[in-house]
Amino acid sequence: MFKLESRLKSLYPCLSLPHCLSLSFSSVPVPFYCKEKIKEALCFSQRIETRASSEQSLYIYKKNTLLLHCAHNNYILVLPNFLAKSPPFSVNSKNSIWVLLKTTIMEVSSSPISIQTTPLQDHPEASPKPYKKSFVTTLKEAATLRSHSFKEDTYFISNLRSSEKKALQELKDKLVASEASDSSMWGVPLLGGDDKADVILLKFLRARDFRVSDSLNMLLKCLAWRKEFGADNVVEEELGFKELEGVVAYMHGYDREGHPVCYNAYGVFKDKEMYERIFGDDEKLQKFLRWRVQVLERGINLLHFKPGGVNSIIQVTDLKDMPKRELRVASNHILSLFQDNYPEMVARKIFINVPWYFSVLYSMFSPFLTQRTKSKFVISKEGNVAETLYKFIRPEDVPIQYGGLSRPSDLQNGPPKPASEFTVKGGEKVNIQIEGIEAGATITWDIVVGGWELEYSAEFVPSAEGSYTIAVEKPRKVAASEEAIHNSFTPHEPGKMVLSVDNTTSRRKKVAAYRYIVRKSTALVPATFNYAN
Numbered sequence: 001m002f003k004l005e006s007r008l009k010s011l012y013p014c015l016s017l018p019h020c021l022s023l024s025f026s027s028v029p030v031p032f033y034c035k036e037k038i039k040e041a042l043c044f045s046q047r048i049e050t051r052a053s054s055e056q057s058l059y060i061y062k063k064n065t066l067l068l069h070c071a072h073n074n075y076i077l078v079l080p081n082f083l084a085k086s087p088p089f090s091v092n093s094k095n096s097i098w099v100l101l102k103t104t105i106m107e108v109s110s111s112p113i114s115i116q117t118t119p120l121q122d123h124p125e126a127s128p129k130p131y132k133k134s135f136v137t138t139l140k141e142a143a144t145l146r147s148h149s150f151k152e153d154t155y156f157i158s159n160l161r162s163s164e165k166k167a168l169q170e171l172k173d174k175l176v177a178s179e180a181s182d183s184s185m186w187g188v189p190l191l192g193g194d195d196k197a198d199v200i201l202l203k204f205l206r207a208r209d210f211r212v213s214d215s216l217n218m219l220l221k222c223l224a225w226r227k228e229f230g231a232d233n234v235v236e237e238e239l240g241f242k243e244l245e246g247v248v249a250y251m252h253g254y255d256r257e258g259h260p261v262c263y264n265a266y267g268v269f270k271d272k273e274m275y276e277r278i279f280g281d282d283e284k285l286q287k288f289l290r291w292r293v294q295v296l297e298r299g300i301n302l303l304h305f306k307p308g309g310v311n312s313i314i315q316v317t318d319l320k321d322m323p324k325r326e327l328r329v330a331s332n333h334i335l336s337l338f339q340d341n342y343p344e345m346v347a348r349k350i351f352i353n354v355p356w357y358f359s360v361l362y363s364m365f366s367p368f369l370t371q372r373t374k375s376k377f378v379i380s381k382e383g384n385v386a387e388t389l390y391k392f393i394r395p396e397d398v399p400i401q402y403g404g405l406s407r408p409s410d411l412q413n414g415p416p417k418p419a420s421e422f423t424v425k426g427g428e429k430v431n432i433q434i435e436g437i438e439a440g441a442t443i444t445w446d447i448v449v450g451g452w453e454l455e456y457s458a459e460f461v462p463s464a465e466g467s468y469t470i471a472v473e474k475p476r477k478v479a480a481s482e483e484a485i486h487n488s489f490t491p492h493e494p495g496k497m498v499l500s501v502d503n504t505t506s507r508r509k510k511v512a513a514y515r516y517i518v519r520k521s522t523a524l525v526p527a528t529f530n531y532a533n
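Per UniProt numbering, the sequence shown starts with residue 1, numbered consecutively.
Rather than coming from a laboratory, the hints here were simulated on the basis of the structure. Treat each hint with caution, since some may be false.
[As the list claims (entries may be wrong)] Cut-off 25 Å, straight-line C-alpha distance, at most; resulting in silico cross-link-like pairs (DSS-like, lysine-lysine): (1) Lys429 x Lys376; (2) Lys374 x Lys324; (3) Lys520 x Lys477; (4) Lys151 x Lys287; (5) Lys349 x Lys320; (6) Lys381 x Lys306; (7) Lys242 x Lys174; (8) Lys306 x Lys242; (9) Lys376 x Lys349; (10) Lys391 x Lys376; (11) Lys425 x Lys509; (12) Lys349 x Lys391; (13) Lys391 x Lys474; (14) Lys306 x Lys174; (15) Lys270 x Lys227; (16) Lys496 x Lys474; (17) Lys349 x Lys324.
The whole structure should be built from the sequences, with the hints applied where relevant.
Shown next, in the form of structure tokens:
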């Protein structure tokens, strides 16, 4: 059997490895080393902490418990009483602990990042006091390790494997022989022989791992449900949920790749009166489900259904104040409907304002999810909403309540004006200068910083010497809960506008965005008019 000790020595010859504890797995002994030497062997120190926490991690925390997380191979293993003096114990798992340790060590050794292996005594400053992490903190950190981003199918037939092409043709043949041979979905005849039909059929095949019989069964059940539910006409119905529009579930803008974005926020249902009004009985629940399907169908109507096009949407779910128990029935119904009847319609699921317990649960269950499913998930805790959303959605398309610049009224004025993005580093002050403003012109601007908690001000600086700077907005501390600032100013002389964000009291880097428009005036304005500070 390949010895872990020899492997560690070959990787880190400077280490003096102590005696090991033996842990059995299927009667095969696996050597384990004391926690301090494991910590050194895997180089989980302050010097490479960023690398370790983004790719693979070995977390050792108090009460002699070990959490090993290997992001690339999707393993999470919790071993209680790891360093206990009791006899060796067994682990009932299909994944060997040896494999987990070996994989992690191999990944560290093959990393392009330069890892120092100089003896610690030569660099005493590289041995800080160990940072003790609680069990919950460690699980939360493991949950933030996001899998590789989901790569959406192109739906080009030429990109399919031969077995997948064969499965597609078999599905078409079986559909011809069924009673649903003349069926259509989202206005596309399923046997029309064009690319759009292939895209839809491939979605059902992908959802069932290209098992033709299972895919056909799913497709036929979906067609029957759509007919019974009246899904083709639900978009045109008036269901009387105006109070929920733009609040609970709504389509709003697009992501950076052109996917329509659907936002979901169920925090309003913490109000018992609201909950009873929407979910008070089964009839009300069914009406809500119909409305929720209506919102999704609106998003699907924006899809291209063609190879290389936009063929799925983005789901953003806000978990803030979401009542878990009360919405359990409704959530299960929605999840079941969408899974059974809208396969491969979601390219990415972004969870924001995630409470700590959700992160813990996800970290525990993620090993049982497929890599494809996990690659669609993005989890963001409170305070990181704007930073997370900006990675996928431009600021001008992010709603203002989530740290963006998009207001509901903006959608009525055509495509949003693009915003400029920037970052405000910890301990830094940023001044945005908008020059060339003429006398009588009106400048209108929007600015936002994710998680604010910094000082903001705006001033107009005239071009003429001797003129006074005008404090348009005096310096003030902006709270984390504040939305984007929208303001305008009309100077009586030419000059420049300076927008300032001061983050010198914080160490945290923050994402930010701004945009502006200057409208020239046709009126004659006196050229020598000045404002005093």
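Hint by hint, here is what the structure shows:
For the given pair, Lys429 sits about 36 Å from Lys376 by alpha-carbon distance, which is inconsistent with the 25 Å threshold. Using a Cα cut-off of 25 Å, the hinted pair Lys374 and Lys324 holds, with the two alpha carbons roughly 22 Å apart. Among the hinted pairs, Lys520 with Lys477 is inconsistent with the structure: their alpha-carbon atoms are about 32 Å apart, more than 25 Å. Between Lys151 and Lys287 the alpha-carbon distance is near 35 Å, which puts this suggested pair outside the 25 Å criterion.
For the hint pairing Lys349 with Lys320, the CA-to-CA distance comes to about 16 Å; that is within 25 Å, so the pair holds. With a C-alpha separation of about 35 Å, the suggested pair Lys381 and Lys306 falls outside the 25 Å cut-off, and the hint is violated. About 43 Å separates the Cα atoms of Lys242 and Lys174, which puts this hinted pair outside 25 Å; it is violated. Using a Cα cut-off of 25 Å, the hinted pair Lys306 and Lys242 is violated, with the two alpha carbons roughly 33 Å apart.
Taken as a hint, the Lys376 and Lys349 pair is honoured in the structure, with Cα atoms around 6 Å apart against an allowance of 25 Å. For the hint linking Lys391 to Lys376, the alpha-carbon distance of about 14 Å falls within 25 Å, and the restraint holds. Between Lys425 and Lys509 the CA atoms are separated by roughly 4 Å; this keeps the pair inside 25 Å, and the hint holds. Only pairs whose Cα atoms come within 25 Å are accepted, and Lys349 paired with Lys391 is accepted, the gap being roughly 13 Å.
With a CA separation close to 31 Å, the supplied pair Lys391 and Lys474 exceeds the 25 Å bound. Distance hint between Lys306 and Lys174 is fulfilled; the C-alpha atoms sit about 23 Å from each other, no more than 25 Å. With a CA separation close to 34 Å, the supplied pair Lys270 and Lys227 exceeds the 25 Å bound. Proposed proximity of Lys496 and Lys474 is supported: the alpha carbons are some 16 Å apart, at most 25 Å.
Note on Lys349 and Lys324: the hinted pairing holds, with a Cα-Cα distance of about 19 Å set against a maximum of 25 Å.
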